[in-house]
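Those protein sequence lines, which keep their order, are chains X and P. All residue numbers for the first sequence refer to the working numbering, where the first residue is 1 and numbers rise by one. All residue numbers for the second sequence refer to the working numbering, where the first residue is 1 and numbers rise by one.
Keep in mind that a hint or two might mislead.
Pairwise CB distance ranges (calculated) [unchecked claim]:
#1 P/Q53 x X/K188: 13 to 23 Å
#2 P/A28 x X/T136: 37 to 47 Å
#3 X/Q66 x P/K188: 26 to 36 Å
#4 X/Q53 x P/G161: 16 to 26 Å
#5 X/H192 x P/T142: 47 to 57 Å
#6 X/K188 x P/G166: 38 to 48 Å
#7 X/R56 x P/Q53: 19 to 29 Å
None of these hints come from the bench; they were simulated from the model. By construction, the Cβ of each residue, glycine as well, lies at the ideal position given by its N, Cα and C atoms.
Protein chains: 2
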Amino acid sequence: MDGQPTERAQRLSRAAAQRLSLYLRAVAAWPADGDKIVPSRRIADAVGVSDAQVRRDLAALGHLGQRGIGYDAKELAAAIRAALGIDRGWRAVLVGVGNLGRALLKYQGFRAQGFEIVALFDADPTKVGQVVEGLTVEPAATAAARVAELGAELGVLTVPGTSAPGVADELARGGVRGILNFAPVVLKLPKHVRLVTVDVAIQLEQLAFQVQHGDGDDE
Amino acid sequence: MDGQPTERAQRLSRAAAQRLSLYLRAVAAWPADGDKIVPSRRIADAVGVSDAQVRRDLAALGHLGQRGIGYDAKELAAAIRAALGIDRGWRAVLVGVGNLGRALLKYQGFRAQGFEIVALFDADPTKVGQVVEGLTVEPAATAAARVAELGAELGVLTVPGTSAPGVADELARGGVRGILNFAPVVLKLPKHVRLVTVDVAIQLEQLAFQVQHGDGDDE
Numbered sequence: 001m002d003g004q005p006t007e008r009a010q011r012l013s014r015a016a017a018q019r020l021s022l023y024l025r026a027v028a029a030w031p032a033d034g035d036k037i038v039p040s041r042r043i044a045d046a047v048g049v050s051d052a053q054v055r056r057d058l059a060a061l062g063h064l065g066q067r068g069i070g071y072d073a074k075e076l077a078a079a080i081r082a083a084l085g086i087d088r089g090w091r092a093v094l095v096g097v098g099n100l101g102r103a104l105l106k107y108q109g110f111r112a113q114g115f116e117i118v119a120l121f122d123a124d125p126t127k128v129g130q131v132v133e134g135l136t137v138e139p140a141a142t143a144a145a146r147v148a149e150l151g152a153e154l155g156v157l158t159v160p161g162t163s164a165p166g167v168a169d170e171l172a173r174g175g176v177r178g179i180l181n182f183a184p185v186v187l188k189l190p191k192h193v194r195l196v197t198v199d200v201a202i203q204l205e206q207l208a209f210q211v212q213h214g215d216g217d218d219e
Numbered sequence: 001m002d003g004q005p006t007e008r009a010q011r012l013s014r015a016a017a018q019r020l021s022l023y024l025r026a027v028a029a030w031p032a033d034g035d036k037i038v039p040s041r042r043i044a045d046a047v048g049v050s051d052a053q054v055r056r057d058l059a060a061l062g063h064l065g066q067r068g069i070g071y072d073a074k075e076l077a078a079a080i081r082a083a084l085g086i087d088r089g090w091r092a093v094l095v096g097v098g099n100l101g102r103a104l105l106k107y108q109g110f111r112a113q114g115f116e117i118v119a120l121f122d123a124d125p126t127k128v129g130q131v132v133e134g135l136t137v138e139p140a141a142t143a144a145a146r147v148a149e150l151g152a153e154l155g156v157l158t159v160p161g162t163s164a165p166g167v168a169d170e171l172a173r174g175g176v177r178g179i180l181n182f183a184p185v186v187l188k189l190p191k192h193v194r195l196v197t198v199d200v201a202i203q204l205e206q207l208a209f210q211v212q213h214g215d216g217d218d219e
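Between the sequences and the hints, there should be enough to build the whole structure, so can you do that?
Have a look at this one:
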């Protein structure tokens, strides 16, 4: 790789980046029974987009694949990882060790993609000191200092909406560069801290919208 | 309302529908201290999009608001609900009563938007019969029959990826029209069943992508 894929990736739209994540899943699931070459058509089928879309998106990553044949699965996975910025490890902390936090900690999909949760925090003193998935829960009030100490770049927020703004500020103060927020609130963060919010009620609303109005015309 | 908002809503893009969900949050949070009028600018600030975008999106819902003044908060909320299809209740079932399932059941944000979980299912016989948030866990094998019986339209899947395709088929057979899937797999469903997938690892990847390449230019 000559660095060009990364430069190009800076111009990827968010929608394209989302599709790349899905392509990566499809490529990783590609049967390793000797066939190293995955046709764009198979990726398209697995993800539910058009063949042309896949080829266009992957062309933006640089010179990959052979016309009319397909992509080397390993090479393609590496190129997508590089474009997304997950060709290296990311250290994250998680705040809020309730049911949702525990569910995320159990989920191995993170680790496979290079994300490591290195510390847990909770504001509830009865939870502090508990060991969850091999990590000891620390007091939420120490989060900023610990983030700095651990060099964690990402924070996962599984706290109630009322606590989320304060906790997010703490994490930003500690030096995280991105927050994955599960609280149903819109957070205001310093400009250099990126935010992705997963609001389950909004996802349900979107599903209802599609059921109500959808007619199978897309997706 | 004369039915026109709904007709127009059919032409809403998914991106616009997502923004409407966010506007609805902002309008619902609008202080009720006598001021019933919410300026588009305040909605824009709360959601983090441009004023012009808000006005354009809301114009698509029909004749709402007064130029240069703002929108009646109650009327606007009702119009957005109608456009999204959540001006009525939705019955849903949940399959997979693990940590994630329990976290969702505790989350009151659903109910406030008209979504009611009416039955719980799990394949684990030791969980069947347990009462969780007021509902008794039923055997997963009975899901199709029960969905039909209860007239549930939506299914929430909080099962492992390996079980998700089979469970989704069952729910579709029972007659659900939409599935909210938390398993990290791409599900193939009959054309009339809509799908929204929440894949947390993908959200984390997107966050990493934004941290790596983002420069505060959007969001």
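Report task. Identify every previously stated hint that the structure contradicts and give their numbers, smallest first. Result -> Hint check: nothing fails, all pass.
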